[in-house]
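In case you want the letters, here they are:
2 protein chains.
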Amino acid sequence: MTEFDTHPSRYHHWKLSVDGEVATLLMKVDDDHALRPGYELKLNSYDLAVDIELADAINRIRFEHPAVKVVVFTADLDRVFCSGANIYMLGASTHSFKVNFCKFTNETRLYLEDASANSGLKSLAACKGTTAGGGYELALACDEILLVDDGNSAVSFPETPLLAVLPGTGGLTRLVDKRKVRRDRADVFCTVAEGIKGKRAKDWGLVDHVVSRSKWDETVAARAKALAATVDVARGPAVELAPLAPKVTDGKIEYRHVTVELAKADRVATVTVRSGDDLTATGENWSLRAFRELDDALLRLRFNYPELGVLVVKTKGDAAAVLAHDEALAKDPSGFAREVRLFQRRVLKRLDNTARSIFAVADDKSACFAGVLLELALAADRFYMLIDADEAIAVRTSVANAGFFTTATGLSRLEARFYATPDQVKKVLARGAEGPIPSEEAEQLGIATIAADDIDFADELRIAIEERASLSPDALTGMEASLRCVGPETMETKIFGRLSAWQNWIFTRANATGEKGALTLYGRPERPAFQWTRT
Amino acid sequence: MTEFDTHPSRYHHWKLSVDGEVATLLMKVDDDHALRPGYELKLNSYDLAVDIELADAINRIRFEHPAVKVVVFTADLDRVFCSGANIYMLGASTHSFKVNFCKFTNETRLYLEDASANSGLKSLAACKGTTAGGGYELALACDEILLVDDGNSAVSFPETPLLAVLPGTGGLTRLVDKRKVRRDRADVFCTVAEGIKGKRAKDWGLVDHVVSRSKWDETVAARAKALAATVDVARGPAVELAPLAPKVTDGKIEYRHVTVELAKADRVATVTVRSGDDLTATGENWSLRAFRELDDALLRLRFNYPELGVLVVKTKGDAAAVLAHDEALAKDPSGFAREVRLFQRRVLKRLDNTARSIFAVADDKSACFAGVLLELALAADRFYMLIDADEAIAVRTSVANAGFFTTATGLSRLEARFYATPDQVKKVLARGAEGPIPSEEAEQLGIATIAADDIDFADELRIAIEERASLSPDALTGMEASLRCVGPETMETKIFGRLSAWQNWIFTRANATGEKGALTLYGRPERPAFQWTRT
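Note that the protein sequences, when read in sequence, are chains S and R.
Anchor point for the first sequence: position 276 equals 275 in numbering that gives the first Met the number 0, and the numbering is continuous, going up by one each time.
Anchor point for the second sequence: position 223 equals 222 in numbering that gives the first Met the number 0, and the numbering is continuous, going up by one each time.
Bear in mind the hints are in silico, worked out from the structure with no lab data behind them.
Every residue gets a Cβ at the ideal spot worked out from N, C-alpha and C, and that includes glycine.
Be a bit skeptical, because a hint or two may be false.
Computed footprint of chain S on chain R; a stretch qualifies when at least three of its residues, placed anywhere within it, have a C-beta under 8 Å from a C-beta of chain S [to be verified]: (1) 116–129; (2) 179–193; (3) 204–211; (4) 364–374; (5) 397–409.
A short list of chain S residues far from chain R (calculated; beta carbon distances all over 10 Å) [as the list claims (entries may be wrong)]: (6) 11; (7) 20; (8) 37; (9) 63; (10) 75; (11) 183; (12) 186; (13) 229; (14) 248; (15) 269; (16) 278; (17) 448; (18) 477; (19) 508; (20) 510.
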């Protein structure tokens, strides 16, 4: 079972140090602490364990070190910054793991960019040595890339020529869309296994600065300082992220505010998020804690329970308490409050991006699909609501539904739902401002997919879940990935929708992962044998 | 060998009739004329042969029947409009064929939408009976969908529940992005094999009108007339599209203006487009004919020579003649001239969308990468230019490079090339207005990827082509699909980049095409057995 909750004191692969405005993340991959046996993490190559620590570190800097304005990525090795995802690990992994690994790594890269755009936390990749594959993809996610000019160190994407796969964590999209490397040059770059170094790397826009070894340290410090000087957003006060420490049993994962019931025979997981009453709490309040737990639960479901195809999402508790938390956060001018909302936004995107069928269900008077928890229902593929006689089952809107919680497309979930009719968004929010919207009305307003009364509800829902769980997981993944992304595309959706889809396909092809595929044979004396048919 | 050039007099599956402003395309699939043996084209299901005729018909209406303002799609069967792509044909096809079949069909659907948007040719799907899968996808590409309300006829996407694949010719994207069907309803619709009929189909936005059998004919006529009345763009004069009739030998495809040399051992095809001197011709001039030939050549390469992984694109002739054609077309206010330019635009997009590595090469003084032929070089993954002593090898710009020839992203090829620096687009066009831009300067301006002199050129190009031909076709396809789509995404790029990529992946998965996959077992008594791991 993979665990995602960690702490700098337990890192094996990174060293986080903070000095005033500057945090340094020193990459020093420890071969003794690979996620699984069977491969060696040489040359600062990484596996999921390395990336879990990276994600944790970025998040902790945001919450626990508000004075930090720039994070510098550097490496402990003298001639290698990072050589990318470990190829032997990839070669030995299942398709499902490879896909989820790439997705998680992509999310972590995007969180760096989110921190830069919204949280006054810039990033600098200080590449003093070989920067290959996923190592260069990490650099591409930073605001600025420094490459040492030693006649040897290059940035490179050797995946296509050496492994017959793509740079899979956003690299191709970031090359042309973010860094605006000319597409024909990007084409050359991606087929030259040894990469591009020195002046040409700068001329082509692959890096921002090339720096001699003698001037390296002072230049890194100066550039970090210059990046910090661009920051005009303040975080804080500092809040420590406490351990999540869920109780995991065979059929259940139990957190303080979140419970996951694992019905393995049915291939269904029921995720229940409960409201909290710690409105006046300082530090880690419900808004943060519950979403940290939800995030952890989603990651466990992705990696540890890949066969549970349907997520039933429920809520339980006091809708008014949820709304109060939403309002308090929105009104609070502190950097901490903004961080919490940004974190909730990322968790909701993690849900959007989870390749499981998601059915939200309000079937009990204690359901509280209100405000930020209503976003769970709007993120779902379908939302089932029971019509009860006294209309106690209802949804409620808050400031949380009014635009802040954008999806990867840039639209809010209500805007995406009513892509045809923006007036309907206004109508729903206006109606929500008046009070709870009971099930039948929620269906009429287009919030509920299906509202049914006592006589039909249980059977209809049961059959729908059973049917869903019986369909091909692959077809559902492709279908959901298409239907969930209504509207505009962004670099983020291009990464998950275009680049990842191609990579998934390539990972299944014999030329990469077949017996004679390049990924399979990497590091062995045999040469790969390709099937030449183009598609 | 699949042939793409046909004529209404030779159609087996469609009947084209023209009556004033209204053309009718009656679908009557003839089982005796499937593209290949081994499956039966029952219930108006289609294969590539059917779609080749459809593409031909739409194009001929544009050029040969300028008075037509609306095309009505209807069927010869009483209870079935179209039951989609033939499943047995798909089940028996190679992966490469399936992918190319879907791509071609998608392109044809997009051409209908292009005709509506730009050519004053609207379309109406008159669905008097079952409208399933690709049949509904054809309807979705029309401006308006009529569904008969007979208590039985439904529109449906049964692919996911019955076949474990996606509706693969743009359907999912068109549902939510074009028709703006609410995403949770789209989710329900795509998992209900029997589809949705009557009032609910209209309420959900799946169709525009539901019409009783008794009022069917008059309503279809009235809606066609109403659509025609919205047209304010005139085509014409009529120009007949003459047979292409290339001479095909083992190593060569020879047209009037285009030659394709097939170096099968090297897996390289060299496509040479020659300039024409028929500037004063009426009717099918060089601008139209050469691009019709190029289009046909690209389709033959896709379907008949899937192992030729590298397309070397050359031009030959008189650059001034190309520029003169460009200028004449741009100045000509006739609908015909506009149609020719729109056709050239579609052919250039067909090139963008061709999953082969494209290297444009100017290595001879007779090269004429000028105006619309310069777009070939800008569409290429790389552009190699020889530096000759007297600078006779050069590129030239024309009105054709100034914005009309948009790619699927909506950007022109120059805008996509200089996505970082729009000023560079202006600079290139300004410099081009002064005269030919020789190789070395073209490289400095960012038009040529690599310019080299006599000493290095031949070796460098030869090695680059050999290297390219040695790389994994799959990784190259994914890489090129990512790098060629710089910038914004559109419904068109979502279809090819997101939906098609997922479909390709799904097509390779055991749950669809494995021994016990749903597509494999369709129509047999055995039930598919799925691997449940989600990705």
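Checked hints:
no.: 1; hint: 116–129; in the structure: violated (count 0)
no.: 2; hint: 179–193; in the structure: holds (count 10)
no.: 3; hint: 204–211; in the structure: violated (count 1)
no.: 4; hint: 364–374; in the structure: violated (count 0)
no.: 5; hint: 397–409; in the structure: violated (count 0)
no.: 6; hint: 11; in the structure: 27 Å, holds
no.: 7; hint: 20; in the structure: 30 Å, holds
no.: 8; hint: 37; in the structure: 20 Å, holds
no.: 9; hint: 63; in the structure: 34 Å, holds
no.: 10; hint: 75; in the structure: 32 Å, holds
no.: 11; hint: 183; in the structure: 4 Å, violated
no.: 12; hint: 186; in the structure: 5 Å, violated
no.: 13; hint: 229; in the structure: 20 Å, holds
no.: 14; hint: 248; in the structure: 22 Å, holds
no.: 15; hint: 269; in the structure: 16 Å, holds
no.: 16; hint: 278; in the structure: 32 Å, holds
no.: 17; hint: 448; in the structure: 4 Å, violated
no.: 18; hint: 477; in the structure: 3 Å, violated
no.: 19; hint: 508; in the structure: 4 Å, violated
no.: 20; hint: 510; in the structure: 4 Å, violated
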